Amino acid sequence: MSDDLIEDGTGYPDGPPRMGFFTDTSVCIGCKACEVACKEWNVIPDDGLSLLGMSYDNTGMLGADTWRHVAFIEQDKPLGRQNNAVGSMPTAATATRASADAVAGGLGDRHGAELGTDTGGRHPVGSADASLPGPVTADGRKELRWLMASDVCKHCTHAACLDVCPTGSLLRTEFGTVVVQEDICNGCGYCVPACPYGVIDQRKDDGRVWKCTLCYDRLGAGQEPACAKACPTDSIQYGPLDELRERAAERVDHLHDAGVVEARLYGADPDNGVGGAGAFFLLLDEPEVYGFPPDPVVTTRDLPRMWRHTALAAAGVAATVLAAFLGGRR
Amino acid sequence: MAECHPVGFQWVMEAKARGATLIHVDPRLTRTGALADLHVPIRAGTDIALLGGLINYVLSNGLEFREYVVAYTNAATILSEDFRDTEDLDGLFSGWQDDEGSYATDSWQYEGVSVAGSAGKRKQGAKEGKSAEESGKNRSRERHVTGRGHEHGSHGASLEDLHQIRRDETLQDPRCVFQILKRHYGRYTPEMVARVCGVPVEVFEQMARAITENSNRDRTTAWAYSVGWTQHTVGVQYIRAASVLQLLLGNIGRPGGGILALRGHASIQGSTDIPTLYNLLPGYLPMPHPDSHGDLDQYVADDSSDTGYWGNMRSYAVSLLKAYWGDAATAENDFCFDYLPRITGDHSTYKTVQAQLDGVCKGYFLNGQNPAVGSANAKAQRLGMANLDWLVVRDFSLIESATWWKDGPEIESGELRPESIGTEVFFLPAAAHTEKDGSFTNTQRMLQWHHKAVEPPGDARSDLWFWFHLGRVIRQKLAGSAGAMDRPILDLTWTYSTSGEHAEPSAEEVLQEINGWKADGTCLSSYEELKDDGSTACGCWIYCGTYAGGVNQAARRKPHTEQSWVAPEWGWAWPANRRLLYNRASADPDGKPWSEQKAYVWWDASDGKWTGHDVPDFQPTKAPGYRPPDGAKREDALSGIDPFIMQADGKGWLYVPAGLSDGPLPTHYEPQESPVPNLLYGQRQNPARQLTKRAVDPYHPSGDEPGSQVFPYALTTYRLTEHHTAGGMSRWLPYLSELQPEMFCEVSPELAAEAGLEHLGWATIVTARGAIEARVLVTDRMVPMRVHDRLVHHVGLPYHWGGNGITTGDGANELTHMSLDPNVHIQEAKALTCDIRPGRRPRGPDRLQLVEEYRRRAGITEETGTAHRTTKEGSP
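Here the protein sequences line up with chains A and B, keeping their order.
Numbering-wise (my numbering), the first sequence opens with residue -9 and increments by one.
Numbering-wise (my numbering), the second sequence opens with residue 99 and increments by one.
Take the hints with a grain of salt, since some may be wrong.
Covered stretches of chain B (chain A as the covering partner; in silico rule of three or more C-beta atoms under 8 angstroms from a C-beta of chain A) [stated by the list, open to error]:
1) 107 to 113
2) 355 to 363
3) 824 to 836
4) 854 to 861
5) 871 to 880
Chain A regions said to be covered by chain B (calculated; three or more residues, Cβ under 8 angstroms) [stated by the list, open to error]:
6) 31 to 44
7) 70 to 82
8) 85 to 91
9) 204 to 213
Honestly, the hints are just simulated from the structure, not real lab data.
Model, not experiment: these values are computed from the prediction.
A virtual CB, placed ideally from N, CA and C, is assigned to each residue, including glycine.
Kindly generate the complete structure, drawing on both the sequences and the hints.
Set out below in structure tokens:
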């Protein structure tokens, strides 16, 4: 399928415009209504009850049983012109690094252990003498911000999961979204390492892979996806991708004018490594802080070149073999 | 607000997107603070000091909205010579009675005017019955010298002779409210706010500037609070302090202003309008009293007001009696007024628990309530329930209040044994709101109808079904009885039609009954149609009009895009579909909008009537220039510049001459349990607060009292977005439980270092009531505060957990106590003291021993913390 078709019209010459998500994390209030609405609509099982200690995030990451995930990031950094008064309080060093270490230690090698907790905290908790009124230590934390962001499948323009799927279970819909057909997936799992974001995941008990469908079964009926419907602050916006990109650019300008100079878009650029994401984000820090790869590249990008090399090599081998036969005949 | 009311918070975010400044005041940085322009960390329990500081900032810098204040508030009113302020009495007001532990409030009145409390306020249990023979004037005067909260209704006081009020509109008279206010708050300086609240001066000033610069003719500021403001021994005065500030800044009765009470559940507003409260009848009519209310005339004479809209109380009461008893209620039998129960005292929830402990209260219905987890001093709640004959629990799941007799903490500790508990417990599964028709009334007084989406599962039934059929069966059993005591039940109008397999009563018929009918059966359209001759029936006068024209107005769903920005056709708001109360104040005294931008309701001189975007909250044709003639009654006694029409003087009350138990002006007192002394007065706590003085409910030493260091930390409790109150609606649901899967406590890194706590480790939190364990979250969102001469650390505890459900854990209310606000009897769960230590709590009887050891170390007796007056001087 031509990339231009996906960008311009989803690959379906007479189809609807390409639809997607714009997740504006600057207005996310971390209510997790998106997580719950997603699970309710798509009948996804619960993901286990474990206190992760990653701020208020007890989901951890996207997975087969979590198609929306809200990250919570506590940082000793300022947010625009916000005043959290921490600088004038008698505070000692930040807890964020110590918390992150505790979480990482507690979770072991579980993927995503540090997701949302790599906050740039500078100092571990010291044994502060808190008996005196006054700054506990000279290096007391001065700033505080609490970022929240709802993550989801990016519905890439160049979707590696789709490229590698041998059964055709993964397909591009008329809305330009990428969907797994659960009755076709055979559980081969090729798509799992192919995803540059670590989104698609196998469910342990049935082996098949699961991820966000952008509520394909709602879009056809003219309804918006469950998460966008449930989001009280319109942090999650659904619509034609062109319009969303326009709106997002305006929003970034507005935030810059309001002093939030760190606001930036992630995944909106059609020239990025995945040809632009169908679900893109407005972030208030580096992507890594939220657990996003900084510069994702479709893992199948080099396949054509590799296949060309392979074909050349194969041709070479064939020629050699042929030559050998021909020579042998002589 | 983002934390507990995320759906409503969308409008805050919309306001922010339009340029509004958002300020969040909270001991912790919550999800609200994350989005705010300014987070003001405050020591729990000190909000009146902060609000008093803001009031002082306004008054000492001359920032009040002068024209509004002079015309629309009681700032100019002169007070009685007998009044003494906290400035004179080291933190007490005049009228304090040591022997009663309460105030006599007559010295708080306006000069020359006898002020009666609001509807529903009366002296309880008067020994002599002579009051029935006295004139209404003397009776009401006698009633109002006591200050018991439950005797107050929900409206302004009555002024028996409005025309004798003396006013000084220059606001210079030293006895005028404005000058008294200035003096009272003079000591609430920014530096004092910093020392009491822990709010740094520069943060306070940033907040004060933001609020005052945004409050004028062109701009308004709104305050929103959740139950965090109400759960204090001075909870009512918290709200009053905000009211004083908002009136001074001209932010009441104007669009974008007000004080918004964010309720703890859906339709808590509805359950006070048509009350589940023991002291009120629907529409805030008071419950009659046995001594002074022998007949309807006496009841009305006592509680109606000569002036203001409350003067029509007889029509509201008679229409209610007609709704209850229909044809049986006639003028000849006083409309069955005798059938109404009489109030015999304070029957609020914590008094009821004590009555259970005393063996007086024998039976208990719990409808969607889980006191074994959600009420203060959960142990006292369970011990009370263990002393009942019967207990009925109606809920979705087997909540802790239904199973404490077999698996509660007292079973584990050996204090109770199931075989020795005599309480017969009935559990009846309840339907969810999606499984039944009905209405929600939100904080804006707006009714929104919801339709049943699915049938309730299994044996689950709606509350309406339960109460209707319980009444039907009782009436069947009583049928044919000749006993007079059975008439009130047998004569009830109990005729709702039912449908379906389970004979579900029609909720819409109930709404019609609430709305009211004329004698010919047509629906009433406004409370102004109510008559006192028995020709109208109305189940709740303020809801009259919600079924106007025979149409369920609460079910209206016209999108905001298809109507005006006030959106009057979405749902229906009481009274009279008015979206903003007291909106006459949105126009200046001449009836013109204060500014183009804030135009809302105004006087149209050419048409001779009030008009605007909303339904005017004023007599439609009363001109701004109207002045009442001598002897005018009811609403006619209010002038054309009196916007607060439910108050007898039509003014917003900066100062409350009657109606409150603990003072006419909000004053900072420390919580019942506090890590510091009161820096403002010798009087430490609210002197009129209620105390149980029971072994099951011991209090800590406070401030600098010996033993207070045993409980050195401030403790505050709260809710999380992911769970709902006591957990009955969330701890049984996997999708919610996985989002907050375990009970935890939140501490600052500084407190963690001091107490030896580790992130994700265990901590034990101890008070004199109990000990619980929780996982530790060390977070920068908690900050130590520099208060007085010390650092104060907070321990934050969500209170959702209990022993049942998918996610289980110890309940925070094992730690809280039952010291109460004296006006509304609400517990102080938001500010108390505790100790915290690393590790899990002891099991079984060892847990009791740990608590006992703490009590011993702190030297706690039944007397600890129970002194009402702590001023140095003699009795004032």
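Hints versus structure:
1. 107 to 113: With 3 residues close enough to chain A, the hint holds.
2. 355 to 363: Violated, because only 0 residues of the stretch 355 to 363 of chain B bring their Cβ atoms closer than 8 angstroms to Cβ atoms of chain A.
3. 824 to 836: holds (count 5)
4. 854 to 861: Satisfied; 3 residues make the cut.
5. 871 to 880: As far as the stretch 871 to 880 of chain B goes, the hint holds, because 6 residues have Cβ atoms under 8 angstroms from chain A.
6. 31 to 44: With 8 residues closer than 8 angstroms to chain B, the stretch 31 to 44 of chain A meets the three-residue bar; holds.
7. 70 to 82: holds (count 11)
8. 85 to 91: It holds, with 4 qualifying residues against the three required.
9. 204 to 213: violated (count 0)
Hint violations for this structure: numbers 2, 9, all remaining hints satisfied.
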